[in-house]
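**Student:** Just so you know, the sequences run in chain order F and C. Residues 77 to 257 in this note's numbering are what the first sequence lists, from first letter to last. Residues 6 to 284 in this note's numbering are what the second sequence lists, from first letter to last.
Source of the hints: derived by calculation from the structure; they are not laboratory data. A virtual CB, placed ideally from N, CA and C, is assigned to each residue, including glycine. Be aware that a few hints might be false.
As the list claims (entries may be wrong) - Computed footprint of chain F on chain C; a stretch qualifies when at least three of its residues, placed anywhere within it, have a C-beta under 8 angstroms from a C-beta of chain F:
(1) 50-61
(2) 99-106
(3) 218-229
(4) 237-249
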Amino acid sequence: MTDLVTPLGDEVLSLRAGDRVTLSGTIYTARDEAHLRMMKEGIPFDPKGAAVYHCGPVVKGDRLVVAGPTTSARMNALTGFLIDAGVRVFIGKGGMGPEVVEQLRGRAVYLALTGGCAALAASRLLLSGVYFEDLGMAEAVWVIRADHLPLTVGIDAHGGDLFRAVREKAKTQFHQRFNTM
Amino acid sequence: MMINSADSTLSGALAEATERALVEAELRLPPDVLAVLRRAAATERNEIARQEFTNILENVELARERRVPICQDTGVPVVYITLPPDVPFSASLFTGVREGVRRATAAIPLRPNVVDPLTRENTGDNTGVGVPVVHVAPGDRFTVTVLPKGAGSENVSRIGMLLPSQAAEVPKFVVETVLLAGGRPCPPVILGVGIGGTFDAAAALAKEALLLPVDTMDRDEQEICDAVNALGIGPMGLGGDTTALAVKVKRADCHTASLPVAVNVQCWACRRATVEVRW
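With these hints in hand, go ahead and build the complete structure from the sequences.
**Tutor:** Put into structure tokens, the structure is as follows:
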């Protein structure tokens with residue numbers, strides 16, 4: 077088990093798909109609308125060594141009520157500019173497309189957080205700020221302090237993709253069972 | 006405007022019951038869902054999957070203790086009302102449900118998820134044009150059931166208009182739906198399958214199947230569930246023995262030239278609750 081702390085550096089490069097890690101420090105939430113806004117107007121936080129969390133939390137006042145991961149694949153075409161800017165870690169669920177696996181190579185990793193575990197995630201997270209609040213609760217960029225968020229390396233910086241490996245095995249199994257090879 | 010007092014009582018009672026049902030559904034998993042989760046966690050052999058189950062079960066416990074929603078995608082409420090003969094079928098039923106959803110959204114709080122489909126403008130209170138979807142059926146008791154449905158699993162749901170000669174292909178269509186979905190719907194999933202009816206009725210049946218108890222399956226359901234689990238997609242698509250917790254099937258008769266099959270995918274957080282309406 078590796079304990080990662082932001083700002084992140086080359087230590088993420090030695091991680092391998094399937095490794096378990098925890099992450100502490102500052103993370104930034106971003107979903108579809110936030111990505112589009114950042115592409116147009118620039119990244120409102122320092123992206124060097126940053127961690128971006130695919131999450132649309134429930135916030136009440138200054139309190140994070142729940143904050144689990146959203147489906148990362150929706151951000152497949154919107155991720156390259158963040159990696160170019162120095163983001164080292166993406167957190168979400170379900171994995172990302174082959175273009176992102178290539179973009180991550182030698183630069184950054186994708187960490188999977190158990191989908192639906194919003195109460196668990198919130199118990200390890202503290203709200204500390206917000207950008208683009210006009211985008212609404214789900215789509216704003218929330219600045220969050222994380223304390224040992226439990227994660228699995230889904231895609232490493234060497235092209236290793238746990239999701240793809242599982243998908244390929246599933247496909248083979250399906251074709252064998254239903255004789256569709 | 007004249008307000009019929011019986012109507013306003015009915016609407017008020019339904020608002021209260023809807024709010025109570027939503028609070029229950031969002032904060033606590035039904036016992037049958039918790040039972041199949043625990044059973045799967047105990048038999049899972051994949052180490053990463055075991056950790057996912059640990060997280061899921063800890064999350065369910067934390068949500069209950071802290072009285073916060075189980076998942077931040079608090080869904081869009083799908084509502085089922087059963088109506089005994091002495092309760093009038095009127096517009097009050099619908100206004101009551103809408104009011105209950107609004108109150109629950111502010112009180113719990115729920116994430117406002119309902120938007121215009123094209124402009125994406127958020128209505129702010131989880132109601133909108135045609136939302137919540139309300140199904141009314143006759144029954145012995147006056148009850149309201151809510152099924153808050155998250156988008157991750159809804160988005161990978163599928164309907165197929167199979168040929169009448171393809172009855173044997175139904176399991177394949179269901180398993181293929183899970184294969185195409187991969188880790189996106191937050192597996193382990195529960196699959197609601199609607200067989201027969203019309204294009205729209207099959208989809209409605211598939212969703213209603215998610216209301217059935219998931220801790221028992223008949224032979225056909227078990228067979229499909231085993232075939233899904235053989236895929237090895239596992240919790241969150243990270244691999245493992247458990248891809249589906251249960252498969253539930255509902256059927257209706259259909260046109261002699263049709264065989265509609267709908268698969269409504271539900272994430273592990275199969276949130277639902279029924280409350281009796283008192284008025």
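**Student:** Tell me the hint numbers this structure goes against, listed in increasing order.
**Tutor:** As far as the earlier hints go, 2, 3 are violated by this structure, in ascending order.
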